[in-house]
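Build out the structure end to end from the sequences listed, making use of the hints.
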Amino acid sequence: GFENTMPYVHGSHGCVAYFRSYFTRHFKEPTPCVSDSMSESAAVFGGLANMKEGLRNCNALYKPEHIAVSTTCMAEVIGDDLGAFVLGAIEEAEGELDKTAITHAHTPSFVGSHITGYDNMMKGILEQLNPSKEEKVLDAERINIIPGFEPYLGSLAEIKEISKLFSDKIVMIGDHEEQWNTGAGDYQLYSGGTKMSDVKTAINAVTTISLQKYSTIQTSKTIKNIWKQDYVTCNPIGLSGTDEFVMKLAELTGKEVPEQLKIDRARLVDAMQDSYPYMHGKKFAIFGDPDFLLGLVSFIVEMGGIPTHVLCHNAPRKGWEDDMKAIISKSAWSEECQVWANKDLWHLRSLLFTEPVDFMIGNVYGKELYRDTGTPLIRIGFPIFDRHHLHRYSISGYKGALNLLTWITNAVLDQLDEETKDIGETDYFFDCVR
675 GFENTMPYVH
685 GSHGCVAYFR
695 SYFTRHFKEP
705 TPCVSDSMSE
715 SAAVFGGLAN
725 MKEGLRNCNA
735 LYKPEHIAVS
745 TTCMAEVIGD
755 DLGAFVLGAI
765 EEAEGELDKT
775 AITHAHTPSF
785 VGSHITGYDN
795 MMKGILEQLN
805 PSKEEKVLDA
815 ERINIIPGFE
825 PYLGSLAEIK
835 EISKLFSDKI
845 VMIGDHEEQW
855 NTGAGDYQLY
865 SGGTKMSDVK
875 TAINAVTTIS
885 LQKYSTIQTS
895 KTIKNIWKQD
905 YVTCNPIGLS
915 GTDEFVMKLA
925 ELTGKEVPEQ
935 LKIDRARLVD
945 AMQDSYPYMH
955 GKKFAIFGDP
965 DFLLGLVSFI
975 VEMGGIPTHV
985 LCHNAPRKGW
995 EDDMKAIISK
1005 SAWSEECQVW
1015 ANKDLWHLRS
1025 LLFTEPVDFM
1035 IGNVYGKELY
1045 RDTGTPLIRI
1055 GFPIFDRHHL
1065 HRYSISGYKG
1075 ALNLLTWITN
1085 AVLDQLDEET
1095 KDIGETDYFF
1105 DCVR
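Numbering of the sequence shown is given in our numbering, commencing with residue 675 and proceeding in unit increments.
FYI, nobody ran anything at the bench for these hints, they're computed from the structure.
Every residue, glycine too, gets a C-beta built ideally from N, C-alpha and C.
Just to be clear, a hint being listed does not mean it is correct.
In silico PhoX-like links for lysine-lysine, alpha-carbon gap of 25 Å or less [to be verified]:
#1 Lys922 x Lys1041
#2 Lys1073 x Lys834
#3 Lys726 x Lys773
#4 Lys773 x Lys898
#5 Lys887 x Lys843
#6 Lys737 x Lys936
#7 Lys1041 x Lys1017
#8 Lys1041 x Lys957
#9 Lys936 x Lys838
#10 Lys869 x Lys902
#11 Lys956 x Lys1095
#12 Lys957 x Lys1095
#13 Lys807 x Lys895
#14 Lys874 x Lys887
#15 Lys1017 x Lys992
#16 Lys807 x Lys843
#17 Lys992 x Lys895
#18 Lys887 x Lys1017
#19 Lys922 x Lys999
#20 Lys895 x Lys874
#21 Lys726 x Lys702
#22 Lys992 x Lys902
#23 Lys898 x Lys922
#24 Lys929 x Lys843
#25 Lys956 x Lys1017
#26 Lys726 x Lys737
#27 Lys902 x Lys874
Distance windows between CB atoms, simulated [as the list claims (entries may be wrong)]:
#28 Thr1080 x Asp1105: 11 to 21 Å
#29 Glu1010 x Leu863: 50 to 60 Å
#30 Gly757 x Ala924: 18 to 28 Å
Okay, structure coming up:
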């Protein structure tokens, strides 16, 4: 998500190949990344030699402006001192790395999940590229937006579009939209991303807005406690979530809500009124990442749906469950809803047999549960490997909420057609108008 940046993983080649293929299967685009290919000998003697050679090779071959170093389990288990290794590699490079910014973060796979790694890397980049608090020069018009671990590239585009309606000085920190949404023709290794000049001056902003509270837990501590910068969270999924985000931008910029956003909101509300009767009272089992669930469940409640089971395998220990219960409490069926923190899909599989629902909403792995239980799966989340181009859409903002509404409502109507197609038995409601 950063201009001219090469991700560099201090660890084994196989681990890197795994998550590169993971992203490539979801986004259907190449995922640039290098590894210093630690092997058995490095596991015994440490990976310093790999780091020294790897950084020089990365710089010589790919000529990045910035190298972002993360780790795999091997480097963490043997206790490699990442900061010291990077400094040692720079010192021995004889000036080759002097013009390349190198940041690093510890990202062991056995701690937390992918959102933890995102958080640690974002924190490392912001801390290591920005000056000290004493050197910052406040820009009263500058606002940072950190999108979090966002698998929907259209959401990034929509957030930038909304922000631009308020101010040209709102900067997205970690903008990976173009990197995974390139066109046919000449392939560019580095596409888009937040400009390094903007990253290095993030400390000067008056406020930072995080769109994913639980993907930026550690990053928020740097911004609030070290930078002493105003920090707020908004989750612009659904009607109320987008309203909160838009009103926060209006407050921070001192401007009225632009007419275009009022039009977009009115269209969404009109569409919600059209579809409400079909979603009202439907039972859903929803699973995914913490912030994604907070936004999506809020939208389901707005539409009169029942979030019967809300399951988050990587829920943070503090805060998330209470936040989710507060959202569910707004539902007329709140007593029928259950929140399952740090449970897996095997647990959800059992629930679908004992306490069945009408639909599942989640990532591709719900496909196995569909096969076992027959519960229809609506694919929203990360990853999605078996359907194409959903990642290009937005699920954020008013337009994104309209996409969610379209996908979910049409899935309900598809199932309604399936249940009413038998001639002379159920086809009394097999209508051409819904």
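- prompt: If you check each hint against the structure, which ones fail?
  reply: As far as the earlier hints go, 1, 4, 6, 21 and 30 are violated by this structure, in ascending order.
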